[in-house]
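Go by the hints and put chain P onto chain U.
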Amino acid sequence: MTTTYDADVVVIGSGALGSNAAYELAKQGRSVILLEAGSRIPRWKILENFRTSSRKANFNDPYPNEPWAHTSYDPEYLENTGSFDFRPGMLKLVGGTTWHWAAACWRYLPNDMKLKTLYGVGRDWPIDYDTLEPYYQRAEEALGVAGNGEEDQSGQGGKAWPPRSKGYPLPPDATTYMNQQLVKRLAPEGYHYIHEPNGRVTKPYDGRPACCGNNNCMPVCPIGAMYSGDMHATHAENAGAKLITEATAYKLEKGAGNKIVAVHYRKPDGSDVRLTARYFVVAAHGLETPKLLLMSDVANSSDQVGRNLMDHTGIGLLMIGDEPLWPGRGAVQQGGIFNWRDGDFRKQHSAVKHSMSNAVPNRTITERLLKQGVIGPELDERIRHDAARWIDVGTVFEMLPSPTNRVTPSDKKDALGIPMLRVNYDVDDYVKAGKEVAKKDYARFAKIFNAEVIEDESGWQNRDHIMGSVIMGSDPKDSVVNGDCRTHDHDNLFLATTGVIPASGVINPTLTGVALSIRIADTINKEI
Amino acid sequence: MLVSAGLVAAAGALLPWARMAYAASPAQASPAELDAFLKLGQRLTGREHLPSDISARLFAALARGDRAFGEKVTGLVRAMDAAGITDMRRFKGSAVDNDAALKALAVSIVSGWYLGYTGTPVGLAVKDDTQFITYTGALMFEPTRDVTVIPTYARAGTDYWAAAPASIATD
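Protein sequence lines, in the order shown, are assigned to chains U and P. Sequential numbering of the first sequence, starting at 1, is according to the numbering used here. Sequential numbering of the second sequence, starting at 1, is according to the numbering used here.
Read the hints as simulated data drawn from the structure, not as lab findings. Keep in mind it's a predicted model, so treat the numbers as computed, not measured. One or more hints might be untrue.
Said to hold, decoys possible - In silico SDA-like links for lysine to any residue, alpha-carbon gap of 20 Å or less: (1) K254/U x T4/U; (2) K127/P x N49/U; (3) K371/U x A169/P; (4) K254/U x Y5/U.
Next up, chain U with everything else stripped away, as it sits in the complex:
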């Protein structure tokens, strides 16, 4: 008997990871259906929403928050039970959360993937850097990454690292005046300030214009120079994939031989649809993917689905330095200090990354001055003075996976009757030890720049880098997917999410997620 399917592959989630997987599959002639819980919104509308918003510091605000597709800043939607309010900036629309990222596209280091072996903490990846390298290259080409391949990105001031088979697709943007000055002051003190590879094109590329410094990467690049997942959702459609919006997947259906046979989704009008396929790729975000698996009772023989949740939970330093540096010219970030990225210290405390914001700081500065009651000519003078000298350091820490840091479906239901999210999250001693190191750096930074410190005890901050929630490993007893991102329990179910990442390092995980997603597409293409 011949079985007929609605598609060769159903991809659930049209963010950067799902859309890249869908595109790679459609390009090879597979019939692909791409499901998206949210709507499709053109860039100009999001831009206008931003410009007319009174909450410009809230990066979710210009985006839709629908009763059937909530953003994560809706407290009704995301409930926290742990000591830390875990609240990443998650969006639901075609293209997903990369609509508002800063497009940092670092590769993990070979050592990041052998954390347990080398340093005796956390977990190893089940695959090594060399296996992933060709996919990093393809992901960089997909996203249009501009970078400096000559630097030691391990932060040790050594040879170019990690190894690359080819150069970056695009040259790096010119070093901002601010960063030139920062390097002059920091280098003699032993700090390696390096350029950040990023998905902002420096020349016209893939229909995108070169970045000209609109300085609004978060929450929306007005011109599409910065990569966002909607670009590959469109590429996937053009390659033949069918995109269905306002379609919330709520159940994966198991069949014979532990295969997934169908996905069920619900429309805002309450109607349900069942789709069958040979393969399923869940790319529904690092919090929503485990929720869907738990609701469906699939892929969880290890009891690790939703556990081991990691972010690069961080802290911040604000200060006013002694020379005009003028942040705000160019993209919102361009580099950072990576001295504590890798080394034997990882046996004792987390890796640490400091990056300097290059966002136009006028709003933060003006809010602060007005709180102090500064008005009159002094207000204009102080805005200019402080804006020229504003130094905003964001620090992130490497996390270790812990089974009690966890996302589960909530008892509360959304408008479709589908459970919302519940998160339990605490920061452990490994990170707290890293914070002590970061605070010593803060004291040195303040001294180097003869700075007036405004804030050096920010409390723990969200960094929106979700990892570990459907953790990757070689042992089916303690992990959800294998090194191919295939679920241990179901041969035809793959997870395309940064949630698979088992050792977090300190770098933004999206590029790695896209590389793994392209690799998933290659695996499925070979088998189907």
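Positioned in the frame of chain U, the structure of chain P alone reads:
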């Protein structure tokens, strides 16, 4: 032309978008009150010219839920006159500066003009009491317009940021 906040409110009721918060004011300001508020804004911010439509929106936003707002504005104008504050260089240490209520009112008006919104933003939340007034008209961008951009807008081509700002020697 001056726009009555009452008319703004009436027109606003027809707008579908809740984000246009200036539409919801209960204030029924007269043209004279709005004119006085515009002149007060000019005096407090040290600007000879400010747009009357933005001033009317700011009046409506600040007056929301406060029927005595017009009277408070009149009181602030009188106090500024009495203290001889024709120029804000005379504000610091004045009787108005030393009166907590008057100072708070002055700061809230200046705040609306500079920030382009009223109220207090709440981070990582979907609701707060803020109301949008203006973006490109927010005065906080004026002191740095020659060096940086109003985010979302551009000033030059790729890599312009490598050169030192023209003003660097005097900044």
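Consistency of the hints with the structure:
1. For the given pair, K254/U sits about 17 Å from T4/U by alpha-carbon distance, which is consistent with the 20 Å threshold.
2. The straight-line distance between the Cα atoms of K127/P and N49/U is roughly 15 Å, inside the 20 Å bound, and the hint therefore holds.
3. Pair hint K371/U plus A169/P does not hold up; C-alpha atoms about 30 Å apart against a cutoff of 20 Å.
4. For a cut-off of 20 Å, the pair hint linking K254/U to Y5/U stands: about 15 Å separates their Cα positions.
Hint 3 from the list above is the single one not met by this structure.
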